[in-house]
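K.L.:
From first to last, the protein sequence lines stand for chains Y and X.
Take the first sequence: its letter number 33 is residue 33 in our numbering, and every next letter is one higher.
Take the second sequence: its letter number 359 is residue 359 in our numbering, and every next letter is one higher.
Do not take every clue at face value.
[To be verified] Taking lysine-lysine pairs in the DSBU-like style, the calculated list, with each CA pair at most 35 Å apart, reads: (1) X:Lys222 to Y:Lys291; (2) X:Lys266 to Y:Lys266; (3) X:Lys159 to Y:Lys291.
No lab work stands behind these hints: they were computed from the structure.
2 protein chains.
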Amino acid sequence: MIDADLVKEAVRQRKARSESFLGYEYLRFSDDFKDIPRGTVLLQDTVIWGYPHIGRIFVLERGLKEQFRGPFWVEEKVDGYNVRVFRAGNEVIALSRGGYICPFTTDRIGDFIDLSFFEENPDLILCAEVAGPENPYIEESPPHVKEDIKVFVFDIMKKGSKEFLPQEEKLRIIERYSLPSVEVFGRFTHGDIPKLKDLLFRLNGEGREGVVFKGEEGRRAKYITSYANLSDIKITAKNMLQLPAEYYTNRLLRLVLFMEEEGIEKTGHLYEELGRALIDGLFEAIEQFKKEHRVSRTFRCRFHKKENAIALLELLRRTSRHIQVIERDLYMENGMWVLTFDKVFLNMTGLLGHLLGGGLVFD
Amino acid sequence: MIDADLVKEAVRQRKARSESFLGYEYLRFSDDFKDIPRGTVLLQDTVIWGYPHIGRIFVLERGLKEQFRGPFWVEEKVDGYNVRVFRAGNEVIALSRGGYICPFTTDRIGDFIDLSFFEENPDLILCAEVAGPENPYIEESPPHVKEDIKVFVFDIMKKGSKEFLPQEEKLRIIERYSLPSVEVFGRFTHGDIPKLKDLLFRLNGEGREGVVFKGEEGRRAKYITSYANLSDIKITAKNMLQLPAEYYTNRLLRLVLFMEEEGIEKTGHLYEELGRALIDGLFEAIEQFKKEHRVSRTFRCRFHKKENAIALLELLRRTSRHIQVIERDLYMENGMWVLTFDKVFLNMTGLLGHLLGGGLVFD
Chain Y
1 MIDADLVKEA VRQRKARSES FLGYEYLRFS DDFKDIPRGT VLLQDTVIWG
51 YPHIGRIFVL ERGLKEQFRG PFWVEEKVDG YNVRVFRAGN EVIALSRGGY
101 ICPFTTDRIG DFIDLSFFEE NPDLILCAEV AGPENPYIEE SPPHVKEDIK
151 VFVFDIMKKG SKEFLPQEEK LRIIERYSLP SVEVFGRFTH GDIPKLKDLL
201 FRLNGEGREG VVFKGEEGRR AKYITSYANL SDIKITAKNM LQLPAEYYTN
251 RLLRLVLFME EEGIEKTGHL YEELGRALID GLFEAIEQFK KEHRVSRTFR
301 CRFHKKENAI ALLELLRRTS RHIQVIERDL YMENGMWVLT FDKVFLNMTG
351 LLGHLLGGGL VFD
Chain X
1 MIDADLVKEA VRQRKARSES FLGYEYLRFS DDFKDIPRGT VLLQDTVIWG
51 YPHIGRIFVL ERGLKEQFRG PFWVEEKVDG YNVRVFRAGN EVIALSRGGY
101 ICPFTTDRIG DFIDLSFFEE NPDLILCAEV AGPENPYIEE SPPHVKEDIK
151 VFVFDIMKKG SKEFLPQEEK LRIIERYSLP SVEVFGRFTH GDIPKLKDLL
201 FRLNGEGREG VVFKGEEGRR AKYITSYANL SDIKITAKNM LQLPAEYYTN
251 RLLRLVLFME EEGIEKTGHL YEELGRALID GLFEAIEQFK KEHRVSRTFR
301 CRFHKKENAI ALLELLRRTS RHIQVIERDL YMENGMWVLT FDKVFLNMTG
351 LLGHLLGGGL VFD
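Go ahead and model the full structure; you've got the sequences and the hints to work with.
P.N.:
Set out below in structure tokens:
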């Protein structure tokens, strides 16, 4: 448990807030507080620890040498959103990274994971990435998820503990229960750097996001392909005003260090691809504004229960800043509720209205 | 004059500060305060008003329609730094945009402007751009200034007044005293938009920064070529961490709107040029870091008086944030003092040291 005084102090400082959602009352840490990560939840006297931040290395060879002494596991990093799934009372629920109960993931998790797993393992928490074109949160999806969503388990925790199960134990559980998981590329050593570079070159070509390295004593690091960096830039360019400068400077630096490490002959095409990523996203915003007088993106996702679709809209409206969430449609199709909605990017809509109308900008 | 109570209030709020430099004692508005622009100076009971902000239009045709009812003058915008030059006692001094007495410009102004102008016109202030490869402030310089610096007058003010002299009067004075000035392209009307587009297309091809439009009643606006937008991005990429996100998002939007307005067939090459602008600046930073363990840029400028060179270094050290100013050399050559110095970009140096050393970044 977390010390009661610490919890009180966090609430006083507005780092932890009471939430009431989908019939649950719980406390959610909305920010990192001392050693308690953002997204940590107190629910029915149980602590579900937040999923920790994983640092990123920008250069492969030197980065691995610096971060890991011994061998390390290499797993795919899937481009989706992070959830923690566990049993609460008689139900299985999914928490988002920020500690909200996600009505969409909670609704759908049984389609991907046999829920009897949680009956046999009421103390375990599956940490998974949810990815695919029909998710309500992020606009990118991995090329190997062609429709709807998929779930990819990558870690297992115990309720009340910050630690992850050791890699071998996690893999045994995944196998035993046939849990859907991220691709595990195996255990590597520092002598395998050329093999790893080949692996990342292949993942890059396949449009995959990157890898997570997992070493002894919980040491971890991630590394992202240039494909994913460009894709992030392209997707977000449409809503460029929303993100902090570091979002772009970070990705640009990663891209340049990737070109440095792989050699310019192999990567010269990235010059034009970067220009296109930035320009095309903005073009798209301008074209849309001229037609619709707004800049927005349409999302679609499927539910079993209508009330979960409505709860999702409520959650998105409550948690989105500078974004207006507008329901388009909610209808039954092939036994499921299909929700479509728009996220209207208010900053970009406002700025383009001003600029295209001939307005002045002072800088 | 500015009301004494207003001055006191500005000082109390730290928007105005006492400066003591080059033998002058004066008050400098370090920020905009009510209707007093940043850079306004109180010196020897005279107010030298700050040069006002000029808004930028992002689209040419609609922007001009929106900003000007009648005809407007079009002048070149030169890529340099803004100064106000005037007589103070028996000397002629130059203030920077921010209201510092610039020891470099003050030292050199007599090489470009016949100082008898100020004897005959002790109440006039010349507003000018100083540009060229040997200036101590900015890394870009217009292609038509091949060496040292040049001075380009673009406005004339009177001491104690916020207003500019009318365009015709300004042009007469420039002609009468053979003052060096920006190129004046003439007086245009809204019917001349095609001519203006041709002009900007030509300026863009010549690597020039853009134009300032000057209409009735002091209305003004500026428009920047895509060349200058790309050049800004390329030059600053080496010190990318220093600038706010808006610096880049603004320039990207300008570039895309330029492509939109001019047509993609004519501007498709900008995709690759944008990618190169961003990537090459960062590459340059990485290459330099690997050789010298720091990211920096070398400046060189010439002075008549050695003490002005030393005063410039002092000013730069006092006013540069996250930049270390290191003197390289100060020697006499052809009767002038040549100062060379480095600006070390501390943020970029620190980040690259961390990243290339294999460090983690949490985001």
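K.L.:
Each hint needs a verdict: does it hold in this structure or not?
P.N.:
To see whether the hints hold, each was checked on the structure:
1. For the given pair, Lys222 of chain X sits about 28 Å from Lys291 of chain Y by alpha-carbon distance, which is consistent with the 35 Å threshold.
2. For a cut-off of 35 Å, the pair hint linking Lys266 of chain X to Lys266 of chain Y stands: about 28 Å separates their Cα positions.
3. Straight-line distance between C-alpha atoms of Lys159 of chain X and Lys291 of chain Y comes to about 50 Å, which puts the hinted pair past the 35 Å bound.
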